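Chemist: If you read the protein sequences in the order shown, they are chains A and B.
Each residue of the first sequence is one higher than the last, beginning at 1 in our numbering.
Each residue of the second sequence is one higher than the last, beginning at 120 in our numbering.
A portion of the hints provided could be inaccurate.
[Claimed, not checked] Quick list of the computed label-pair ranges, beta carbon to beta carbon:
1) A:Glu66 with B:Gly158: 32 to 40 Å
2) A:Glu66 with B:Arg130: 21 to 29 Å
3) A:Glu99 with B:Leu493: 29 to 37 Å
4) A:Ala96 with B:Ser906: 44 to 52 Å
5) B:Arg1002 with A:Glu66: 39 to 47 Å
6) A:Ala96 with B:Gly158: 32 to 40 Å
7) B:Trp161 with A:Asp25: 29 to 37 Å
8) A:Ala96 with B:Arg596: 50 to 58 Å
9) B:Val513 with A:Ala96: 35 to 43 Å
10) B:Arg142 with A:Ala96: 31 to 39 Å
11) B:Arg596 with A:Asp25: 56 to 64 Å
12) B:Thr547 with A:Glu99: 51 to 59 Å
[To be verified] To be clear about the criterion: a stretch of chain A counts as covered by chain B if any three or more of its residues have a C-beta under 8 Å from a C-beta of chain B, and this derived list gives those stretches:
13) 22–35
14) 43–55
What the hints contain is simulated information worked out from the structure, not anything from laboratory work.
For clarity, every value in this text was computed on a predicted model and none was experimentally measured.
A virtual CB, placed ideally from N, CA and C, is assigned to each residue, including glycine.
Here's the letter readout for the chains.
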Amino acid sequence: MARFNVSHFLPLTPAMFQVLVALADGEKHGYAILKEVTRRTGGKVTLRAGTLYTVIGRFVDDGLIEETDERPDPSLDDERRRYYRLTERGRAVAVAETERLTETLAQARAKLAPGARRV
Amino acid sequence: MADRLFRLVLRLLPEEFRAAYARDMAATFRAEAASGPTGARWRTMADVVRRAPGIHADILRRDLRLAIRTLTARPLALIAALVTLTIGIGANVAMYAVIHAVLLAPLPYRDASRLMAVRETGVGGADSGTMGYLTFTDIKTRATSFADLVAASQSITTLAGGGRDAERVNVMRASRTYFDMIGAAPALGRTFTEAEDKPGAARRVMILSDSLWRRRFNADPSVIDRIVELSGIPFKVIGVLPATYQDLVASRLYQGAEIWTPLGYDPAAVFACRTCRHLRVFGRLAPGVTAEQATTEANRLFDAFERETPKDYNQAGADVRPLADLFLGPVRPVLLTLWAGVAALLLVACGNVAHLLMLRASERSEEIAVRTALGVSRTRLVRQFLTESILLAVAGGTAGMAVAWAAVRLVAAEGPDQIPRLAQAAMTVDVVLVGVALTLASGVIFGLLPLRQVLRHAAGGLQRPGVRATDTATAWRSRAALITANVAIAVLLLVGSGLLVRSLGGLLAVAPGVDASGVLTFNIFASGERFRPGQAANLPDDEQNRLQIAAAVQYYDEVLAKIRALPGVTEAAATTQLPLGGDMDQYGFHVHGRATAGTRESEAPSADRFVVTPGYFSALRIRLVRGRLLEDRDRQGAESVAVINETAAREVFRGEDPLGKRVSLGPADAPQRLIVGIVNDVRHGGLDAEVFPQVYVPHGQWAWAETGLAVVVRTTGDPAALGRPIRDLIRGVDAMQPITNMRPYTEVVAASIGTRRFAATLLTVFAATTIVMAMVGLYGSLGVMVSQRRRELGVRLALGATAARVRRLVLVNGLRPVAAGLFAGALLAAVSVGALESMLYGVRPLDAVTFLGAAAALAACAVLACLIPAARAARIDPATTLRN
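Next comes chain B alone, as it looks inside the complex (with noise of 0.2 Å):
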């Protein structure tokens, strides 16, 4: 019984310990027992089980510092493998970190998966994903399928006093009920009261974000019920948001607001119109219903709003679509796609490291018979083996986590900023310990393919020492079969950066429109008491109006010509939305005396207004197509005047001459203006985005004083250097105003296409990286072939084979399981491209140059790693193989 346990005991010691010494303690045991007491037994067994982990760990060291012994003999290799490792490891331990920062976690709302962002859609320009007031509030009436709904809008303010510099800071205005929507509460005072949300005094509230408060009123929390100016109007804080506040509406579409007052819209105000579409709605499903139910009502009311109100609409419908669609739907094929080619890359990585270890194995054939004959057990030599392949990864996957450390930082900080919460990419615990599974698991595959030899080696036995030509032939096909793999993942990433690379190449060449070079852009604002004359002096709204618009002109002129008078300068001119700067404001556009019914296939209820001053066409190189520009004459009391895109005047007019015919911007009756002149197109919503219609209006003209504006100065020098005198400059007009966004416009239109040139750069160096990767294995491999063939080869020279002849049967091996891998590969990429289609711009996924690019690119690379292992054969002295 004592004995039958003791050699249960025993069994905790590793296999290849109680191989050696179990026989001998259990005899030593019996012979104790037999003569010791019974207590005596025990203590063996306890001596027994607490030696234990002492003998595994004894054994593991061994086998470690065997490993580090084998692995360091080879130090060339031993570099490759980690280099592989490191890069495979590290790529997809970073990307994680991005999708899961960006893609997995949840948005940071309550019940995140039933806010869904409510969209107008139409023809002609009233796709912009926007809507006017009066449609949000009869949605807002009308519709059963939500619980809530509100609408947002921004604008930009300056925040003064506390002896403070003046601060430029980004307002959302929304509902009143908008954080009860997405489950938010401050930290102190409350939020917006249904009295506040209306035309009035009462909406002059304001909720600021922890940042704010902590940055302007050093996290004070007397600061509710205190009045601070915003431009100068007094509004009461009644709230503070907690610190852990994250809202990716406010970060994303409303520039990074900090400031939430209520919506408050007077619904006969001229900005409140249904096709004035700047409002962004939002809302919560009610329980049991449906994005599509709710979709569908949408759209029941659309064509409802439709019939009723012909002239506002056209073509109108509705999409109703998760909130997390909206801002994650565009990146997540570009992550998707990224991820898929950090994928490969391991299996590339992998790959390459089972294939030095292959080749490992082959060379150590011998060493691995005699110690099998010595009476080393499989399962030792497997042990062994693994050992040395997980050694190899964690060394690799240690690496690899710190090249992923640095990665995501570098993606977090300078990454596209059109990628939603890339900035929060880090390595977070979830991220580590997908690298650590993914280190071990990349250990074991590769320590496992190479395992069959080492095998097959065991069981051959000291009686066949030395390699034998079947044994080669063996070693080789897996190896070839492992170069075809690796080509046709390289040719499968070569196509995909080649077609996203072509599409970036053929945005570049897309015309913008605007001459972005040379030209210096930043924001400056008219905002205070100097900015609203007649306010004091309680003078009718018209009038105020009116000096309010004299004041910020003359103004913005005055600031203009300062600039233009610089060394250097050749023009300043101003906008209120800068084109591709992702600023959209459309206004509705009623042809004056164009009867509605009947011809609204050729309405245009929608046009992308631009406030802009004199000057501005020949700052951006618009040019004039018709007409004339707008001139300085263009201003309050004179003939209220427009200019137009073609594309307005090609789907407006269709035909007419627009150029004398009378517009309306907003609601139909609102004043007319004169079309004087065409220019052409400008691509203001993204390179790749279609042109809407356009219409620019002088500054002077507009129906209110612009509180900010996007300036353009041209220069003949570096635009860059133009910012310190321009700073001072504008100092020296107005002290108070604030100055944001300074940089050169080539900047803006590259931010613009920041995520295509992403996803564009980080596949290229993924497809180079493997391609690389790909070719070493295949140069390696065919040198091993070579040296072991070496005595089959020289015999051939020594019968007369020619030098030319033996490079070409080295060349012929080396490219036949290129050629395979060229093939699978480029049949991979054909079945897979497809996904790629939403990335591309101006050429097809099956886009023929592409694909015999990438592949005569490989080939190439392929007949370069082959060369010198051929070279090498056909170098053999046939004399001294055969003597050896």
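Next comes chain A alone, as it looks inside the complex (with noise of 0.2 Å):
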């Protein structure tokens, strides 16, 4: 298989970051990843069906994201749900994407600042 690069996979869409982030806390199954996100963000972002599986189905593919056999108490959950958890390719490209957020960030900042660009 050819070589893994991190730089390959970003930057993320919001909604890839979204996901990744919803699975750094342990694995969790597709309705359960829209839950979180909703709630992580106040419901400022809201991700449908169609869209989580697209991610989800391209991360499968690449190896950032896989089902996990685990299943919690059959009577706590549905077992025919698919579960999924971050590999640890998904946690660097996680990371990653985090630093570059951050750095755009303090980018931003340091221009926007009052008192940043005064003449």
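Once you've looked at the hints, go ahead and assemble the two chains, each given alone in its own frame, into the complex.
Modeler: Written out as structure tokens, the structure is:
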């Protein structure tokens, strides 16, 4: 397989980034990812099923996330649902995107801060 | 309800994606619907619809990436497949472009299928497709089958003035209604009036082609009514044809005429006689009349003509055929044969690529089984394989289209002039669309063939890893069938090309009756004021004619004498018609003192007439059989003489001695000429055409001054090197006279068989390509078979089989399908070569030499292709094989 290069995946679309972040703290099924994104962003970002599964499909193909065989207690959840978790690659991509965004943010702040461009 | 709708929406997604995620998506949708607002459901559905194309594109991208990776893993096989397809598709697209331009595009006339060529037929030289003026006027008056009937002839003129160099321009003289009949109207001005289609000064009007108008008159619209001199005679410009005007009659039959003048014949003129067969006649069928009915009526009329003036006709009849047949009839079988050839080539190409893909499928059997075991669906596998095939086809098709583009340009520019409209062949939208369709169809065809194997491997599963003997046997059987098919098609093409090549060889071996080597030929002219002495002084016509002949003879003699004085020139002479040059002129040939009634069988009413200068026979090395040749002393004032060919002596005089007999050319009452010599036959109409009676008349004794002659110069050196000194020399004699068509005479002879050479060359190239493809396929298959049966062959060797025995085993395995192919191909060829009959010369369609030769050549190639895999098999080391 070709060598893994994080920069090939950057920048991520907001939906992609949100999915990776949603999986950062443990495996989830699709609906749980949707809920997590809405909760964490206070409803500012809402993913829909079409977008979500497009992202999931692509991430699975690229090896950024994987399906997990472990299931919670069937009484607690629908066993037919698929669960996904972040792979090492996925985590590396999420971290790299976070750093990229932080850097962009820092540069923007430095430029836009009051008094940054006085003549 | 919403649930069901969502499931429907999910069907927009690719099957593979649905299999992985649809259930989850539906669950998510349900959960969302249970907890969220109603609007969210619709937004989710819209989101799926919006994302569907992207998901499809993603999968296609992935398939393509995988296909490229798989294909490039074996670069040699990939290159072989691509080259094969490029040639197959390229040749087909190019051939379609040619056929589209030549055969399929409608003739450029209004309601062209109703336009007919009306030709006189007969025996003894009356079958050149032309007729005399009086015959034409009689048909026009009496026939009811034609709504219109026109006659045409040609002349060549010098256009001077306007401060430009003198230029030779071909003129088509046509009946008044010619343009109306073909449905053409001028862009400027008008066409001819009835008064202009009569003898006299009124007929001196002309219509210009768009190209001549632009070249010569700077596209000046005020050119209408301007007086312009044609060879010194004033003509009034009355019209200019549009740029879009195309006229196959003018371009094919009248050397690309650019000026049209009215026919305006005087029925009493010497050249208007019934046996002065030089007019071509065209007609538009009357409404409701068929070509057959018109033929019947015309035949009845010719019967009547023959009864009325029996001396002018001999078993006369009519041939009425669509104009399209006249132009395209002779080339149709050539092009259709070549089309069949390229189609066969593409079939072999597809077979070969299918072959390569089948080999790959065999090699990938384990990979396919593993993927199936891992849950990859059959649909997915099929799509993956088809993606590979179509990718291959698209790459081959794109390269093929580029090859076709180059080939079409080459053929349009360099193809034989004998094929009408070939120069118009181009990669039009139609042609490109056919190319695209062909590409996709090829991809599907050679993609589907290996699929059975893929599916079998998929069904085989993992419990049977590796290649089993039965799998190998089945795969080998399908590949052997392909080898058989390829060899059969190769035999067919090789037999076809072999027959054409043998015909060409036969034609080249035909003695044309002239020796073309070391001869330069070109046309010179005698036009302008100085060649019309006596006209200004208003001398009587006879006297004017005599002076004009003297002026022309003196001019040509001076030029020829100067050419003869050039170093290296052994002879220089001139003729009105260059043998094999495509220009025919037939005259009535009447033996004086012979009663016509009752002896019709022995009459040859027409003969090819050549007006020549002394020295013509030695310049072309035409052999004197008896009597004497024409000499310098045969001039005006001396007794009129003629020389005839052996065919005339044999067919017209039938055992009598022609020498000392007198003949009249044209009408029976034309001046008599004494036959003084007999020379050998010259193949004037074509190397494959029948030789007609021929008669040679001295230039100094012809009835009028010739305004243009073809010169033949024999040299001891390279004829082409004489071009410049001859041009300088003629310019020194009269700078106003143009020189045209300068080329070695061998080129004229070669051009006369251009179409045959074109067909033979192309078909040979197709046959050779097919053989290479078939042999590459055979070699590849056998190689794979040997490596797959390595273990078995190793065991045989270990058990004591000799290397020779193993070698023989592989050879027999490879040659068996070849033998079947040879047999099938020979059968196929035997039933289809009949289609070639019209293109053959001196060889029968079922020519044993060609059939056996083709089979032997292919068998030899096949043995060569089998030898390397057989040798490799014999070198297998049993110990190593068994250990592995």
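Chemist: Now tell me if each hint is right for this structure.
Modeler: Here is what the structure says about each hint:
With their beta carbons about 34 Å apart, A:Glu66 and B:Gly158 fall inside the hinted range of 32 to 40 Å. Taking the beta carbon of each, A:Glu66 and B:Arg130 are about 27 Å apart, inside 21 to 29 Å as hinted. A:Glu99 and B:Leu493 have their C-beta atoms about 36 Å apart, which keeps the hinted 29 to 37 Å range intact. Hint check: A:Ala96 to B:Ser906, Cβ distance near 47 Å, so the stated range 44 to 52 Å holds.
As the Cβ distance of B:Arg1002 to A:Glu66 is approximately 41 Å, the hint placing it in 39 to 47 Å holds. Between A:Ala96 and B:Gly158 the C-beta distance comes to about 36 Å, which sits within the given range of 32 to 40 Å. Taking the beta carbon of each, B:Trp161 and A:Asp25 are about 31 Å apart, inside 29 to 37 Å as hinted. Between A:Ala96 and B:Arg596 the CB atoms are about 55 Å apart, so this pair conforms to the stated range of 50 to 58 Å.
Between B:Val513 and A:Ala96 the beta carbons are some 37 Å apart, a value that agrees with the proposed interval 35 to 43 Å. For B:Arg142 and A:Ala96, the Cβ-Cβ distance of about 33 Å falls inside the hinted range of 31 to 39 Å, so the restraint holds. Roughly 60 Å separates the CB atoms of B:Arg596 and A:Asp25, a value that falls within the hinted 56 to 64 Å. Roughly 57 Å separates the CB atoms of B:Thr547 and A:Glu99, a value that falls within the hinted 51 to 59 Å.
With 4 residues having a Cβ less than 8 Å from any Cβ of chain B, the stretch 22–35 of chain A passes the three-residue criterion, so the hint holds. For the stretch 43–55 of chain A, the stated coverage by chain B is satisfied: 7 residues place a CB nearer than 8 Å to a CB of that chain, which reaches the threshold of 3.
Checked against the numbered hints given earlier, the structure satisfies every one of them.
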